[in-house]
Amino acid sequence: MLTKRIIACMDVREGQVVKGVKFQELRHAGDPAALARRYNVEGIDEVVVLDITATLETRQALARTINAVAREIFLPLTVGGGIRSEDDASAAINAGADKVSLNTAALRHPTLISILARRYGSQAVIVAIDAKRRDNGFAVYVRSGTADAARDAVEWAREAEMRGAGEILLTSMDRDGTRSGFDCDMTAAVSDAVNIPVIASGGAGELRHFADVFTRGHADAALAASIFHYDHTGVADVKRYLHAQGIPVRLEC
Amino acid sequence: MIALIDYGAGNLTSVKKALTALGADFIVPSTAEECRGVSGLIVPGVGHFSSTTALDAPWRQAVGDALQAGTPLLGICVGMQWLFDGSDEAPDVPGLGALSGRCRLLKGNTELRLKVPHVGWNALELPRASRLLAGLSSGAYVYFTHSFAAPVTADCVASTTHEESFAAAVERDGVFGVQFHPEKSGEAGLQVLRNYLRLCN
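Protein chains in written order, with this note's numbering: chain U, 1 to 253; chain P, 1 to 201.
Any given hint might turn out to be false.
What the hints assert, rightly or not - Computed footprint of chain P on chain U; a stretch qualifies when at least three of its residues, placed anywhere within it, have a C-beta under 8 angstroms from a C-beta of chain P:
id	segment
1	122-133
2	182-190
What the hints assert, rightly or not - Ranges between beta-carbon positions, derived for each pair:
id	chain 1	residue 1	chain 2	residue 2	range
3	U	Arg240	P	Arg131	26 to 36 angstroms
4	P	Asn109	U	Met162	38 to 48 angstroms
5	U	Asn94	P	Gln61	42 to 52 angstroms
What the hints contain is simulated information worked out from the structure, not anything from laboratory work.
C-beta: ideal position from N, C-alpha, C; glycine also.
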């Protein structure tokens, strides 16, 4: 049976993992390759590296990071953050990424989804959607959540699928960083609207949140960052818990 | 020396990294001629079956000659599908035909939320002993990402179920194939590649 995936996200700035960190904890965030190695031992199913600065100057550093992570772990590796063009995507894939995650660029140039899907296959193209609840829907934001895209998440996810996206990475801006649980309603709304897998993100704080997003949220995968970085909750704890709840996960490594 | 065939498939870098980690000597031949005398041939792949059209007559000839000479051939994902007669994904594109059967679109199941593409870690069922999968047991998890799949035939040494059963690994004489990605399946995947490399030596 296809298992539910647990994905660790590393936000990388200048070659170091920084996400979800209070300033004084920065020094513990650490080296991406070392963290990836630890996650691999703990049974992570997949790793996402997000370049949170994504400037031209950091591009080479990002390629080095991807290379270093891909040398350490033999698991699916997604790279996102500032992938704006076919060239950005090829650079990430050539450095060792299996998938690229498009966000702002996909909304601005939806044809980029199809171009990359044709060149690398749909499985290599993830469309990341940052959304928050508004009225009865889910409003999409771009530019790291700063600009209203005037689109609904469900409708945009459908279009992304139609254009060739292989997966949707759906982040709840309302829940991100709150540790109050995933937005299961939003995840279910998107997951039920598309045939491609949906990765839920934003709000992981406790073990039961993972069970919730797989059952009520109909998610295919759940992504978390800071709770894994700092050993609040280990990957193995999450998986053992889900297994005990009867949710299929990959246990042995 | 292993020849890793580059026909524009996306996972070449990942396969290279895995082979490097396992200490394998390999080349990425730029012409079919360079495949002569290698100890193994890997056809990677991910994405659309039509990309295998790049494996034109000279490549097919080189692969065929290598098989005749008893050189182990390993197809990965679309590379495995190519070993068969063809795929419904690109009906006009002939496969190598080293194994009989045709790849078809997975059905999925909307009610059970079994989506297509089939993406993620799924378990192997091993009906019989296999050289390629030595050291793995039934229930081992490997990583898949595909929509089309080969049928379970006499050549199937591992099957996986996603609404229906399909061939997750095949083996017939010197022809080996895996629908999953051994280069992305953690330790289980590396074990499969190690087994293959051993068969090449």
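Going down the list of hints, with the structure as the test:
1. Note: the segment 122-133 of chain U has 3 residues with beta-carbon separation from chain P under 8 angstroms; the three-residue rule is met and the coverage holds.
2. Under the rule that three or more residues need a Cβ within less than 8 angstroms of chain P, the assignment of the segment 182-190 of chain U is violated, with 0 such residues.
3. Look at Arg240/U against Arg131/P: about 34 angstroms separates their beta carbons, and that is inside 26 to 36 angstroms.
4. The hinted range of 38 to 48 angstroms is not satisfied by Asn109/P and Met162/U, whose Cβ atoms lie roughly 21 angstroms apart.
5. Take Asn94/U and Gln61/P: their Cβ atoms lie about 29 angstroms apart, and the range 42 to 52 angstroms is violated.
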